[in-house]
Amino acid sequence: MKKIIVYLNQFFGQIGGEEFASTKPMLKKEKVGVAAAIDTQIKNGEVEHTLICGDDFMNEHTEEALAQIDSLLEGIEFDMLIAGPAFFAGRYGTNCGRICKHIQERYQKTAVTSMYEENPGVELFRKEVYILRGEDAASAMQKDMPKLSRFADKILGGEKILWAQEEGYFPRGKRLQVTTGETADNRAFDMLMRKLAGKPFVTEMPIKMPDKVAVAPPVTDPAHTRFAFVTTSGIVPIGNPDKIQTGSATRFGRYAFPEEGVLKEGEWESIHGGYDHTYANADPMTHVPLDVFSKMLKEEKIGYLHPFFYSTTGNHTNESNSKRMAQEIVEYLKEDNIQAVILNSA
Amino acid sequence: MKEIEKSGFPIVHVANMVPVSESVGTNKILKAYGIPYPWSDPKETPVRQAEQRYELVEKALIVLGTDVQEQTVFSVF
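Residue numbers (our numbering), protein chains in the order written: chain A, 581 to 926; chain B, 13 to 89.
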């Protein structure tokens, strides 16, 4: 019977919430949470172990985490690793992709995962790892998990894996020959006729246009430059008056920097749903370094600081909302003749 | 990030999850201390943390002043 390891984060691995995101890797010889469910859905294998690691730990100390995982896996027999599903959880998706790639490279075993298309893990790992298309929230567990289990089962059973669209994984950029009914010249001609007639057609080869942005000119004289600060850490005045969302944000806050030149504990809080707020709430300046900006203004190291900072939540923020919010922020910056921006994420 | 730079503003992305920023195509990336604490490490004393914040903002200014032709990652550690 083929043996499977399931990789989960601290939450799905039932260790705890955000406060446990720094949990170091552990290997349990049991089926924890999602792992148990996956096990019931697979016929060609059996889940023997659950590998759990905190989302922050694996992201902030990747080399160390993987080394620890390698120690834990010493002497363990397994045929496949299944990670997630990760939905739109950015840290988790990135780690799922990461662990799958590592398992494939180091152990030459197949590893598969599932996540939402805008999860950063997709762009980072889809070329090397089978990543199944998932939905954007954990409420879709009963949809995404069976798809992932079925796919894994196919591989374990030695079945032929078809192309991306057919199987439901993100295209890996690998081209394989298949024979269809029509020859290429006929297919091309049909496609052209449809395009000329304004009818819908499906390209056989989607070409992704690179979306590079030209590097803006360097800031050569900060002492005479006007700066602004933006954060996606979700730092807001206590009580979150603008009700900035904890995830999937559609708006940002525009907050005046206090006259005193510092952000005080108790007056600000974090509402970002993707990290432990303990540190941000104890000292908001670990996300918004106003004390430094104030000092630098006094020292005349920077010419000017825009009196407002812009704050939203960079957790599951989709591309279109991000673009729109950026454009709105840009209007404010232009009004104040800002010349350079410092932006931080959590 | 990219949207702000498209409008002509020099910008630096201070973030801990560098690979994510890289994959999106950000031009200037400066590595942060941690996910729940980008600008300073809460394991240090408040005095040391203020120094860390200062050093990191200083580096951010240097990064903004650096001429790069392509995506570049910077770090103070």
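One should not assume that every hint holds.
Output of the computed footprint for chain A on chain B, the stretches with three or more beta carbons under 8 Å from beta carbons of chain A [as the list claims (entries may be wrong)]: (1) 16 to 28; (2) 34 to 42; (3) 50 to 57.
Hints in this document: simulated from the structure, not taken from any laboratory. Predicted model only: the values in this text are computed from it and were never measured. Each residue gets a CB set at the ideal place from its N, CA and C atoms; glycine is no exception.
Hints, verified against the model:
no., hint, result
1, 16 to 28, "holds (count 13)"
2, 34 to 42, "holds (count 5)"
3, 50 to 57, "holds (count 4)"
Violated hints for the displayed structure: none, as all numbered hints are satisfied.
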